[in-house]
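K.L.:
Letter by letter, the chains look like this.
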Amino acid sequence: MPDLSFILSHAWLIPALPLASFLLVGLVLRPLHKPLAGAVATAAVFAAAGLSWWLAFDYLHLPKTAGGALPVLVPTSVEWLRFQEGLSVHLGTLLDPISVMLLVVVTTVSALVHLYSTGYLHGEDGYGRYFTFLNLFTFSMLGLVLAPNLVQMYVCWELVGASSFFLIGYYYDRPSAVSASKKAFIVTRFADLGFLLGILVLGYYAFTIHAGMGAAAAGQQALDFAFLTRPDVLSQLQALQGQFLGIGTLTLAAVLIYTGGAGKSAMFPLHIWLPDAMEGPTPVSALIHAATMVVAGVYLVARSFPIFAASAEALQVVMVVGAFTSLFAATIGCTQDDIKRVLAFSTLSQLGYMMFALGVASYEHPLGYTASMFHLFTHAFFKALLFLGAGSVIHAVHTNNIWQMGGLRKYMPITHGLFLLATLAIAGIPPLAGFFSKDEILAAALHSGHTVVFGVGLLVAGMTAFYMFRIYFVTFWGERRLSHLHHQDDHSHDDHSHADPHESPAVMWIPMAVLGLLTIGAGFVPIPEWVRLVPLDGKLPEAHHGVDLAVAIPGTLAGVIGIALAWFFYAGDPQRANSAVLKLGRFYAVIKAKFYFDEIYLFVTKSIIFRLIAGPIAWFDRMVVDGLVNATGWVTRLGGTAVNASQTGQVQTYGSWLMSGVVLAVVVLWATTRQ
Amino acid sequence: MGLASWLILIPFLTALAVLAVPTRRSDLIRWVALVGTAAHLALTSYTTWAFWQEASPDLVAVRTETVSRVYLVERVPWFESLGIDYLVGVDGVSMSMVILTSIIIFTGVLASWNVVHRTKEFFTLLLVLVTGVFGVFLSFDLFLFFMFYEVAVLPMYLLIGVWGTGRKEYSAMKLTLMLMVGSALILVGFLAMYHANGSTTFDLTKLAQAHFETGLQRWVFPLIFIGFGILGAMYPFHTWSPDGHASAPTAVSMLHAGVLMKLGGYGALRIGVYLLPEGAQYWGLFFMAVTTINIVYGSLGAITQKDLKYFTAYSSVSHCGFVLFGVATLNLMGLKGAVLQMFSHGVMTGLFFALIGMVYGRTHTRIIPEMGGLGKVMPWLAACFYIGGMASLGLPGLAGFIAESHIFLGGFFGNSWTNPILSRTLTVLATLSIVVTAVYVLRGLATVFQGPVRDPHHAELTDATLTERLSTGILVATLVVTGMVPGLLIDLIEGTLFPIVNRLQATGMAIPGHS
Amino acid sequence: MVEYLQSLTPDLNTWLMFTSALFALGIYGMLSRRNAVGVLLSLELCLNAGAVNFALFNRFWSPVQVDGAVMSLFVIAIAAAEVVVAMAIFVALFGYRRTVDVTQLNLVRE
Amino acid sequence: MLMLPELLIIATAFAVLLVDLFIAERQRGHLVLLALAGVLAALVALVTITPDTGALFGGRFTMDPLAWWLKLTLLAAAAVTLTLAQPMLATHKQAPTLGAGSEFMTLLLFNLAGMLMLPSTRDLVFFYVALELATIPLFLLTAWRRESLSSEAGLKYVLMGALSSALMLYGLGILYGVGRTMNLDLIGRNLFPSPPVIMAIAMVFAGLGFKLTLVPFHMWAPEVYQGAPTPVTAWLSVASKAAGLSALMLLTYRVFPRLLPQWGLYLALLATVTMTAGNLAAITQTNIKRFMAFSAISQAGYLIMGFLGAGPNGPASMVFYLMVYAVTNLAVFAVIALHHQQTGREDITSYRGLSQTNPILALTMMVGLFGLAGIPPLSGFVGKFFLFSVASKAGYNWLVGIAAVNSTISLYYYLRIIRQMYIEAPDPELPKLTTPRLLGTALAVTTLASVTLGLVPWVFESVRFSAAVWLEAMPK
Amino acid sequence: MVGQAVANVLFYLIVAVSLWLAWSVVSSRRILRAAVALMGVLGASAGLYLLLGFPFLAGVQVLVYVGGIVVLLVFAVMLTRSQELLEDHPSDLRHKVAVLAGGAFFGVHLWALRGMPSARAPRVSLPASDTEMLGRALLSTGADGYALPFEVVSLILLAAMIGGIVIARKTQPGQAATTEPVHPLAADAALTAAGSAEQLAESAPAPVSPPVREAAHG
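Chains as they are written, first to last, in my numbering: chain A, 1 to 675; chain B, 676 to 1190; chain C, 1191 to 1300; chain D, 1301 to 1776; chain E, 1777 to 1994.
Same shape as in the complex, but just chain A (with noise of 0.2 Å):
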């Protein structure tokens, strides 16, 4: 282990910072003083940017390995939960390419998000209580990044889950906010049970071999994703023969896990809870369900890739329903008119994207691995700052709903800006982020030869462009529609709704800013150089530059024409959508309704599990059960009745009843004593 610089040996002081104002802000600050607390958060969560910017330079700057690829360090490691002998949890940080790139990442959109939040939640009442949650979900984000086992990046994946149920669950006086959250927490919660099952499957099987192992795993334990990477364990895990219901224990393990991951990052059958999401404030969208929770699935499957990749159906299985989820929800994307649900879908669909960057990977074809992390780091930008700017946007006009907006861009001229260059970073315009990532992806698939999957993704490309551009029509373009219906998103404190809409306040467009330059540098970064997908043997073959112009091309292309398209329909005169929403007619409407999703998972839980299971096996409890136990004593007392009427009180009946007793026992002695 090289001597490491002191950011690099106490990387546990970057989560340990917004823990610290978690419990500062929580027990003390948040009853005194609100705007103190909300100062104390920000500045806690900036200082752990600070540190993670210095982190990864030190990191960056370290001597390569033998195989040239950047070292892999667990500078802390603190024995937590001693389940048994070879299988204990240690709590510690794990550095490498990609969790200290998710380390930036996280923490500068937090801190950028934070400093927004002051701005945009100015004199709510609960205005503590949500810097203690974004705090504790910072802290636990930062956990998960960092976690060197399965069971600390469990433990921090259910943290991260319940702080995003609080903060969706923020206006919890709204019925609708509190029933997203519900929902959130709990598909969330059916998903990390998939990772759990996971995580038993992955630690008995590791288990045995560790302890088969003995010596050679004396420093490590039997979930340390150290030990689970290990080539020699890998070999013996693929070698597992166990059979349940014909798929391979490994591909079981990997297909939980992926499960778990599936559900944070709301892939297709688990996705319904992103959407109601929004429900929560609009920063903690931004930060949560745009930048860094919603990736923690891309993470766990990054992180964990080498198991993934030791069986082939697993990566498979991600990648489908990656290229199928991003397609499905660009499809929704483009009909919905609240823009915080078209920032959503167009959320699932990049992180569609990214799934199938990584199930089309494989240690031949390594690019796809560097790709979905190239797209994850330039996504969270540009993400976090559409969704910023469509805060601004309701901050100023009180409603979601993209029809009740319009012309903005006269009044609101910065967020207008910024909003503009994130959606061309998006579209995948040269020379923005969005471009490099995306063609990075492309070109993944295309060279791994899944052209199918290269397909989907050249449309979903073009659709993203269309929807994108679609909102920013609506909202910016075109003349002023006033907004008569209720406040949907409602701000009680500057309730002038018919005056005109005007610009934020800085401290809210200042991190827009931030992020609008960090959208247009993030391209340049040359995470691909970085992040590499190292080869079990160690050694990194050498890695090609440039951008791949077969590729490049067909890529902008299809953005260019969803732009053109969205313009055609949308820039002019409306009666053009109009009539073609009426020409798609039925069609249309399914996938505005998103396809009935919710309505099926409502049907399943209300219907068939409250009234069909719960129902009967409460009353089955009530009636049969208990019955039992209430006939037991009804027999007692009814023998007590038979014995009692015995007594009819005449002298001569007892005298009978005696000379039975005689008789009887003669009986019984004889048959008992006869020798």
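To be clear, the hints were calculated from the coordinates, so they are not data collected in a lab.
Please note: incorrect hints may appear among the correct ones.
[Unchecked claim] Think about it this way: if two alpha-carbon atoms lie no more than 30 Å apart in a straight line, the pair counts; the simulated DSBU-like pairs of lysine-lysine are:
1. K1051/B to K606/A
2. K981/B to K881/B
3. K795/B to K849/B
4. K606/A to K594/A
5. K592/A to K64/A
6. K594/A to K583/A
7. K795/B to K1732/D
8. K849/B to K981/B
9. K981/B to K606/A
The model shown is predicted, which means the values in this text are computed figures rather than measured ones.
Please arrange chains B, C, D and E on chain A, whose structure you already have, making use of the hints.
P.N.:
Quick look at chains B, C, D and E alone, frame taken from chain A:
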């Protein structure tokens, strides 16, 4: 008089002190009770420290022994001719249970600060009940164990009968009778073991060294397990728990769900598995199946409950199912998980019932649909409720997760004499409960604390008073500390469990990976 | 002469059959008579059969001793005591109920 | 002097009879004190002077350690019963509810003398005579009250008692016929389970089962307990049962030492049927004395479990449980007597709210009832535990199970009374109960004993030692 | 051998007489006749005692039993004024149960007899007179004496007498019939009912009318 005897004696002396106070001075009575329980809490912490001084040096040696060591032992011969003696001592598992009970009784006294109806008798009976419980956890002589076990069950009848609500007499009677039937089964088991060992001694450690022949173990183990299972709310015999808790006053249901139901798990582990290893192996899988029903059945049953107390009672049925499931797994992690679950669930349910008592004290209704939006009105209680709820659904960082993760791993690792496929499917079914628990916890809490204030005059209710904040605060603190720093409790418990697992191993079957 | 005659009587079992028949009749009487005094009469039968039994065994098994006879004597005395007690209670009860019909006496029952 | 206690009792009986001639009607209450003095003198004599082994009248009257303990219980029970009777006899305050006080006490003392002699008999004649003296006065005492209920109870008791003593006599006759000697030690020499022996045993069990209220022979108990005056009921439930047990132990351990182990199943069945019938019937009772009858029946069921298996633990736990049962039962009867005396009501609901009207009385009643139910830390629990241990050692685990479940059912009906006292509100028109001084002391003594007998190991240990010595001295 | 025949005839004669009388004691409808029959049975058994060689016992039997007890029984019959009442037959169920009980007892005894070792009367010469031996046995306090039981029997007789007098007395001296404490039981109601039934019975010449209760429980 050693430390262990003082631990049993203090609650009894407090009870006598309370009796001495004139009846009308009800506030003085409360203070005497509080001082008594506070003194007990102090003594418990000192004893834990003293126990740790004695026990930590031979933590390593214990890994290979087959008889668990007992510390701070006091032995006074009682009925020599029958081999009965007043044998009291402490070991890891019983120490953790004593800590739990001491916390629960202290917070219980705080939570029943506004009992006005016949206060003196209430506190006397409460303290006698807790003396019985301490007696069970600290005694290592089966006769003494059984004696304190029944002392613990009996005041329950009067406590629920006089101070209860709803169908109090019916549920008090049902509760007492079902628990006594349980103790009847246990009595048969104890006597069978006593005589199989040549009717020389009731001392637990000596009985552990004696090897009972397999046939006897096979029919005595189910008796002991079901006998204790009835108190631990095992599936078919759990019906007393919803009624009993629904009609019991706050402190009583806190004590009962929090501590008395743990007697069941404790007894099943300490006497069932420790003394009858072969019996445990023979019946292991069967009871694992029953307790899985217990877990899933309890949590599903809780979803549609309308009354808060029934809601919590069903949830404790499910959580107690975890305890017995952990005991039935018969390997180190499972047993450790069972003891941890006993501790964490004890604190959780104590917190829940205390809070329900406080909410009921204000809104005078326990029906969930009738309440709404109380989060704004009583933020402290709402926050504690949420922390308790999160702990019960096993959020990491709180005590619930530590115990449940142990039990799931234990269940999944199974043991070499049970069919791995079956034990794993049962464990998977059990893990389903973390989702179902999440559903009913969030659903219940959301209806009560979130959303608009449904009942107008709930709006001007007050938040927690000082005593209430103190009691809930202590319970929440315990949950968080155990969740964050489980090392303390795990080391305490592991010392005792190694010998038990070694005994299971000594009966000729290898546990995978156990060194 | 009397001793000589006794030695010629039939063997023990026939004697015992007689006493047990007497006892059985006594039992029948006690369980079927309606009049309380009738029940007492039957009781005397039983006790008498018991007394004869003792004398019988004494004479057949240990002719020299006289234990059995002593027992018979005491049985007779105790039978007397029982009759006195029973009579007293009947008379008292007759005072209240004006009847000695055993079947009617079942007030103490619910 | 071996016979000192018996002689003292007989002397007191005559003294009471004679003194009554000379004192006025009003001072009838002081007679009780005289009787009590006599009984206590006998008690002191037994404890201090009488050795626990020895023989008189050439072996006819012998003393053995277990008999010593039985006599102690009987004398204690007599003392408490007399205190129970005291408020009922004529005192300067109110008219007696129990006529002919002195004759009542004389008969009681004669009865006591009979019971004291019973365990010391060594031959059939003296055994039968002592047994008769232990039963006949009871017929009279039951019919003592000047009302139809008491006389009817007396009638039923006489008829049933006569039938069972006739059967007993016939059984002893056959025993004499087969054993060919009157001496109890020698009879068992060449007894083997032939038909006549079995018939003799069956009839003996009928006779003694009647006194112990074992199930097929228990029919008389409910009505007699209800009809008889309360002190007599108390005396019946405790002393008569003690006499029955000592007679049964005398015959089974002395005369049939080799056959007893073979009767295990018969005794187990008898115990099961007795306790179950007693418990089940007690559930639906409304009259407190009738309720105590069924409770006594079920306790007899537990009692005879001591006969199972070999070794001194059996008789020891039986005698110990008898002592505990006597003390606890008398405590409960003291409260019942008090309640009946002052309110005239015998139904359970009349005990409503006693915990508020007279908390100490309610507490003693509760301690007594929990003692009967066998709830720790009272000695009832310890006694029952040892009895169950004897049965379990003899291999009758199913019986222990049934007995334990039975004691749970018994807890149910004892709790029904405690519910009346503690949970129901007091009944306004019932007068508040006041505890007279003498009865108060008796209550205190019995309750204290019922708590400490179990906790203090010395009592059971010495009983067990006596049982060991007693069993050694038995003919093999 | 002729002595043998005489003894047997004498024995069987006495047995037949006493069994026949016993049957009438048990089943005759007039109580007085039953009492007289009992006298006959007891006399017969006195004869048996004689046959067995216990003249003293026979004497005591005649004196105490026949003289004392049966006379007392006749007094009781007079006192309870039931002699003119014709007791009707027991209901068939009670009859069957009683027969079953008696028969079962007898059957068991016969089965038991099979196991009894039968014995011929010993030829040994009997002691001069049993009275002297009885007297010595009753009063000697030695190993073979029965002085103590003798004293105890006297206690029994004394107790029976005292108790009998107290119970049978009409009213206590010096104090009115005790006021019966209030009984929630139906006793009083039943008492009045029984009383009225009684008046009915007396007026009608028919034998004691079987009250309704009997039918219910027959």
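K.L.:
All hints, please: hold or fail.
P.N.:
Verification of the hints:
1. K1051/B to K606/A: Holds, at about 28 Å.
2. K981/B to K881/B: 50 Å, violated
3. K795/B to K849/B: 25 Å, holds
4. K606/A to K594/A: Within the cut-off at roughly 19 Å; holds.
5. K592/A to K64/A: 51 Å, violated
6. K594/A to K583/A: 19 Å, holds
7. K795/B to K1732/D: Between K795/B and K1732/D the Cα gap is close to 22 Å, so the pair holds against 30 Å.
8. K849/B to K981/B: 22 Å, holds
9. K981/B to K606/A: 16 Å, holds
When each numbered hint is compared with the structure, violations occur for hints 2, 5.
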